[in-house]
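Number of protein chains: 4
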Amino acid sequence: MTDSKTGVWFVGARGSVATTATVGLAALVRGEAPPIGLVTESLGEGAFAAWDRLVVGGHDIRGGSLADSAAELERGRVLPPGYAERFADELADADARIRPGVTLGSGAAIERLGERGWVEPCDTPAEAVRRVAADLAAFREATAVERLVVVLLGSTEPPVDRDTLPPRWEELSATLGDPARCPLRPSSLYAIGAIEAGAAVVNFTPSLGAGCPAIDELARRRGVPHAGADGKTGETLLKATLAPMFAARNLKVDSWVGHNLLGNRDGAILADAQNKQAKVESKERLLAELLGYAPQSLVSIEPIESLGDWKTAWDHIHFRGFLGVPMTLQFTWQGSDSALAAPLVLDLARLADLALRRGESGALGELAAFFKSPVGDRPPHALADQMRVLKEWLAGGRPEA
Amino acid sequence: MTDSKTGVWFVGARGSVATTATVGLAALVRGEAPPIGLVTESLGEGAFAAWDRLVVGGHDIRGGSLADSAAELERGRVLPPGYAERFADELADADARIRPGVTLGSGAAIERLGERGWVEPCDTPAEAVRRVAADLAAFREATAVERLVVVLLGSTEPPVDRDTLPPRWEELSATLGDPARCPLRPSSLYAIGAIEAGAAVVNFTPSLGAGCPAIDELARRRGVPHAGADGKTGETLLKATLAPMFAARNLKVDSWVGHNLLGNRDGAILADAQNKQAKVESKERLLAELLGYAPQSLVSIEPIESLGDWKTAWDHIHFRGFLGVPMTLQFTWQGSDSALAAPLVLDLARLADLALRRGESGALGELAAFFKSPVGDRPPHALADQMRVLKEWLAGGRPEA
Amino acid sequence: MTDSKTGVWFVGARGSVATTATVGLAALVRGEAPPIGLVTESLGEGAFAAWDRLVVGGHDIRGGSLADSAAELERGRVLPPGYAERFADELADADARIRPGVTLGSGAAIERLGERGWVEPCDTPAEAVRRVAADLAAFREATAVERLVVVLLGSTEPPVDRDTLPPRWEELSATLGDPARCPLRPSSLYAIGAIEAGAAVVNFTPSLGAGCPAIDELARRRGVPHAGADGKTGETLLKATLAPMFAARNLKVDSWVGHNLLGNRDGAILADAQNKQAKVESKERLLAELLGYAPQSLVSIEPIESLGDWKTAWDHIHFRGFLGVPMTLQFTWQGSDSALAAPLVLDLARLADLALRRGESGALGELAAFFKSPVGDRPPHALADQMRVLKEWLAGGRPEA
Amino acid sequence: MTDSKTGVWFVGARGSVATTATVGLAALVRGEAPPIGLVTESLGEGAFAAWDRLVVGGHDIRGGSLADSAAELERGRVLPPGYAERFADELADADARIRPGVTLGSGAAIERLGERGWVEPCDTPAEAVRRVAADLAAFREATAVERLVVVLLGSTEPPVDRDTLPPRWEELSATLGDPARCPLRPSSLYAIGAIEAGAAVVNFTPSLGAGCPAIDELARRRGVPHAGADGKTGETLLKATLAPMFAARNLKVDSWVGHNLLGNRDGAILADAQNKQAKVESKERLLAELLGYAPQSLVSIEPIESLGDWKTAWDHIHFRGFLGVPMTLQFTWQGSDSALAAPLVLDLARLADLALRRGESGALGELAAFFKSPVGDRPPHALADQMRVLKEWLAGGRPEA
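Protein chains in written order, with numbering that gives the first Met the number 0: chain A, 0 to 400; chain B, 0 to 400; chain C, 0 to 400; chain D, 0 to 400.
In case anyone wonders, no lab produced these hints; they're calculated from the structure.
Please note that the accuracy of each hint is not assured.
[To be verified] Here are the computed lysine-lysine pairs in the DSSO-like style, where the Cα-Cα straight-line distance is at most 27 Å: (1) Lys390/C <-> Lys251/D; (2) Lys4/C <-> Lys390/C; (3) Lys251/B <-> Lys390/A; (4) Lys390/B <-> Lys390/A; (5) Lys390/A <-> Lys4/A; (6) Lys390/D <-> Lys4/D; (7) Lys390/B <-> Lys4/B; (8) Lys390/D <-> Lys390/C; (9) Lys251/A <-> Lys251/B; (10) Lys390/D <-> Lys251/C.
Every value quoted in this text rests on a predicted model; they were computed, and no experiment measured them.
Start from the sequences, fold in the hints, and give me the full structure.
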């Protein structure tokens, strides 16, 4: 526990997840929310920053207000009735600390979301990085927070071809001055700006963020940790849980089909095929890791407007048992995407803050339990193994690199 | 690996599980079955008896033949087409080694299954125990097996009031001469007879078997191990897999409802309310262990004739996430009960055989992964933990008691 | 269309269904509700009383207030956020017209619900009938309504043995003076009181109500119509829809299992085994009618507290196709019980009012589409047939008896 | 009933549906199959040709044999164990009457299926039509059948742009001599050849077949009836059953998502995006017809190899009830595609034969119950209405055109 304050900076601060996290944090500070859904609350709270030590700020490319977002979530049955009003003051405070985001290189679907007159165009990636770092420095000064955690929560970007990325920071940084040569999208520019400002980076999205060797190198040099990618909130959480069962029983999975219906803004962005690509890849890789072979696999994400934030996943698992007899497991998962993600985001803010205090830097593979595509050196993929690694890390920190 | 032979004695030898195991073993010996569903095949085969070192025998209270049972399973889509005929010789051999079983104290539903003219009534529990031990001794002599594993696969018995059982073998054994005083049902008489004959005991049923202090004491004295109870093949396997996920994410499970439809003989026996009691209790205890609190829980097992051996479980899990928002997970599991159980039975025969060779005695809590209600001193309940304990046991054996 | 007013009297006026109907009616009158869920709105509104011509009153054995009930339904996500407050005036008006209900002969589970100090005990069924009729007469006078429809919405009563009921009104009425001889429960006493007061009776519950020859005779004599029983809102609606499909395709249904989870007060009452009996019987009869044979059938209703008003039904239909090959249809239905029932209740009030205006009397089999156990002479059971009959009745009325 | 024989000519005679129909017909003739799944058996058999009056022949582009196809279906659990052998003689007889099919214009995916050395290429559509008609004439002569019904069962073709098809037979027929000008695919060439040979045409596929004004004109001129298109066996059957329920209750369907998994050859063909287009369109049109408005709708068909012939459909229906409260119905349908289709194919052979005997010609809209996209002048879409129309047609025939 520590008395000093930590800044939690949401990229996508007016989005559903960040809004739910901001309302939820206010409720936790006032003692009006049960600790449900918060992993850190069940892992020994002593180690972590108290809720009232966290100060929220962020970037967003959309205008509007946190109050509007909260009201919409209340209508959509994600926030309990009356919450938008009850925590109006805290929302207004946080809203005042939101700065215009960066859209350079984000692709057409995301750029359409950017509010004219609010978002200020940048000419080069380098300029975007500088602006992000400057916003963070100003936030740090204004709020007197000692440490900073930047959490990437923006819309899924079109994928980057990782094979063509320069492996060294020196080479990658040389491209920042020229938008035509720079392969990075905003998630990575935010990450670089954050690292330059001494912040830890948590990438809850499937976009690249800090997840390439060159940016990891920068983070190590600057002595800050980073974690990601792609928060594990629903169907993939179940995959990471169920696939080890089939492996443990030596049952042969022939096919695993997952259909995800989703109606919020995220769903709309994902409808843009290029952006969906990144998400689906992240979901499919897992099975081969957990089973030791690749069953026929199909993952779809489809925008169904009427569902709003309520993601519905249907998975059909066809497997063979003794003497080859075919059997079936199906599940349907119905959960509020934002209500599942928000507490994990608060958990990750606490965990990254802890890593900062401990002076750890580079990829935090120990936080693999939270992610679909965990960074780090061969992190485990089964949820039970990931939880064990997390607890060991909490207990003992990790050896110096 | 060892060259000596091991006898595998099924109690309920003509039932669906034992028949499937017997056919499957024959297929494995001939190299005609893939190792699907066999846990030991994925855990380093070297340690275990080769399939051709296992010799099958057993008790049953039903007449008929293994050939008939196999043909019925083929019609029911549990065995692949043609298997009953293809392995007719092996089935006939095993059938010739089946002896009449014991019904004393088994309750009305099970007694009705007993074939007149085949089952020979016993006057006292002591006589039943002696007959079981004598059958095993004769089997050992006739087949020249070095070790014996008795696997209890009989129908679920009405529950025994565990609180009234004498805790010491001396006291319990004193009741065996008098049916009116003896609280034991056949599963325990088989277990005692097996232990007296130096056999390891595996209880795949929810009945008592060797699972009480007095019989455990006997097993320790005789230097034989025992494991059980209640094979974990379907819905409970999923509970042991999924409940830790809710715990890991600190999601609050409000209710967990499970409805099981089943059409085979087991289903018919379970329709007898008294017998169902034992099964349902075994299924409900688990959640509180895994979650740390007891959600509202409901488990039904209903005999639906048309389903035959194809068990269908529907589970509805109602849970709350961040800020108390209610969410739902449902799953449907459709599997052949016998095809799920049979390979585990063969695994357990190998594992108990290994324990015999290692000279271990008493409750084998390390085999908890296979059971709904594992014996032993505080065995873990989460499947992932159970698998870790199993692997550690395989790697290192266990310290002398 | 008519300008005169009609009184709609809910028995169980503070229950979830009546409260939802009362709020919904207020919203319809103010033009603030879309006509979703209302059958009469899609059948040519011209024939029916306008919403602002309906005046709500009722009986209840519980104290509390409609305002409390509405607030609870809002928390339970049945009413949209803010509705309890928005329609507070209309709720208060209706609440002022609620009179204490009758508990004589309702069984222990329901009697426990009765509020002390509010419910006034009756000594005889005859006294209960007189009090009901007097309450209705007072309501008619106070509100100047021209016609009266009494809708039974109370908790499911323990079943009455229909075979022992006197078939003639003369005989049945002779028992009303003696509680020990009278076989009737409150639903029938309300019905008799209503008929004596010249009201139409709609029985939305599985209880007896007016559904026996003697009370039907009374209704015919008094010239009032009655309809029922047991509103068809969820699983049974699906049965009446799906079973004809299997019949049309000549697919052989081997088993139809339905499990219903429900958490509201109705669920709690149904947990009382005696009361559940009535409900389950009403649900099971249907299949044999629709298929022409009786498949193995199982229906359970289980109270799961966390679900509140949100009924979840899982049905598993096992059927055989060509050459006997087994196939499966499963469905899960998740709906708010009260939000499904309330618009049908308003529809039935309009339809019964129309029948009153037309001078029809006795059992309204033409309203079978709304009920699980329709009254009348061989009403159709398939939903499509029931809708056709309903439309024909609307178009042409029915011939004089 | 009639004593004369009718030829039933399957296009795609060695495919799963035709093979299942051929085996099933043999079983029916021998009295060894229950009449399950056969609509005509429940509609008064007297009117229809007896099973032993039907003689099977057909076209196929694949080589192999009916015996092979039947064995594969037996392994795939579509045919009961032993059936391929039991009906080997009948299969061999039918196989001897199979002629090489036509691939001209079928698209790459289907052409790949064509067996080299078996399929004889045609230079023009006109030549293909002549060959089809000649094969049918030869079959008629060889088997002495009095009437002919051609049932199209081939793989789904890439869609034809219906808007560009010449509306008059005169114009369309003028294109047949030139492959570059002729817009038709094989299903239509088979249909034209059949009509020229005096056969009735039943199109069980989503391909065009006889389903355009010009070919309908030809059928009317030649005095033969035709029916189609796209047999309604699974998910769409449920849509035609369930959507009227939502309409009857005035519940507002916001979205209807259907995912279909299928592993047989049909699934593989459908994976070819162009071919899938035709199938999906056929499935989506229905909802707007039945509901009166178009909810958001999504239909996918995905080839999942391990499922073989066992089609699994998951549908998620999101709808709103009273006061706009959102509710959900989900269903999972697991059926053997071929076992569902085959009896309908036999039914249609009987029904088309009846129409031939009655002298009816042109589109048989009265058979709409069997099809996803029924031909004819505004046929009904709700299953219940379609069944009523079918029964009326059986009872009374139809007025002369």
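Subject >> 27 Å limit on alpha-carbon distance, applied to hinted pair Lys251/B and Lys390/A >> reply: Holds - the C-alpha atoms of Lys390/A and Lys251/B are around 20 Å apart, at most 27 Å.
Original post:
Are Lys390/D and Lys4/D close enough, with their CA atoms no more than 27 Å apart?
Top reply: 24 Å, holds
Original post:
Would the pair Lys390/D and Lys251/C pass a check requiring their Cα atoms to be no farther apart than 27 Å?
Top reply: With Cα atoms ~20 Å apart, Lys390/D and Lys251/C stay inside 27 Å; holds.
Original post:
Taken at face value, is the distance from the CA of Lys390/A to the CA of Lys390/B at most 27 Å?
Top reply: 21 Å, holds
Original post:
For the pair supplied as a hint, Lys390/C and Lys251/D, is the alpha-carbon distance within the 27 Å limit?
Top reply: 20 Å, holds
Subject >> 27 Å limit on alpha-carbon distance, applied to hinted pair Lys4/C and Lys390/C >> reply: 24 Å, holds
Subject >> Hint consistency between Lys390/B and Lys4/B [alpha-carbon to alpha-carbon, up to 27 Å] >> reply: Given pair Lys390/B, Lys4/B holds - Cα atoms ~24 Å apart, limit 27 Å.
Subject >> Restraint status (C-alpha distance of Lys251/A to Lys251/B at most 27 Å) >> reply: With Cα atoms ~32 Å apart, Lys251/A and Lys251/B exceed 27 Å; violated.
Original post:
Is the hinted pair Lys390/A and Lys4/A satisfied, with a Cα-Cα distance of at most 27 Å?
Top reply: 24 Å, holds
Original post:
Taken at face value, is the distance from the CA of Lys390/C to the CA of Lys390/D at most 27 Å?
Top reply: 21 Å, holds
In summary, the structure is inconsistent with hint 9 from the numbered list given earlier, while agreeing with all the others.
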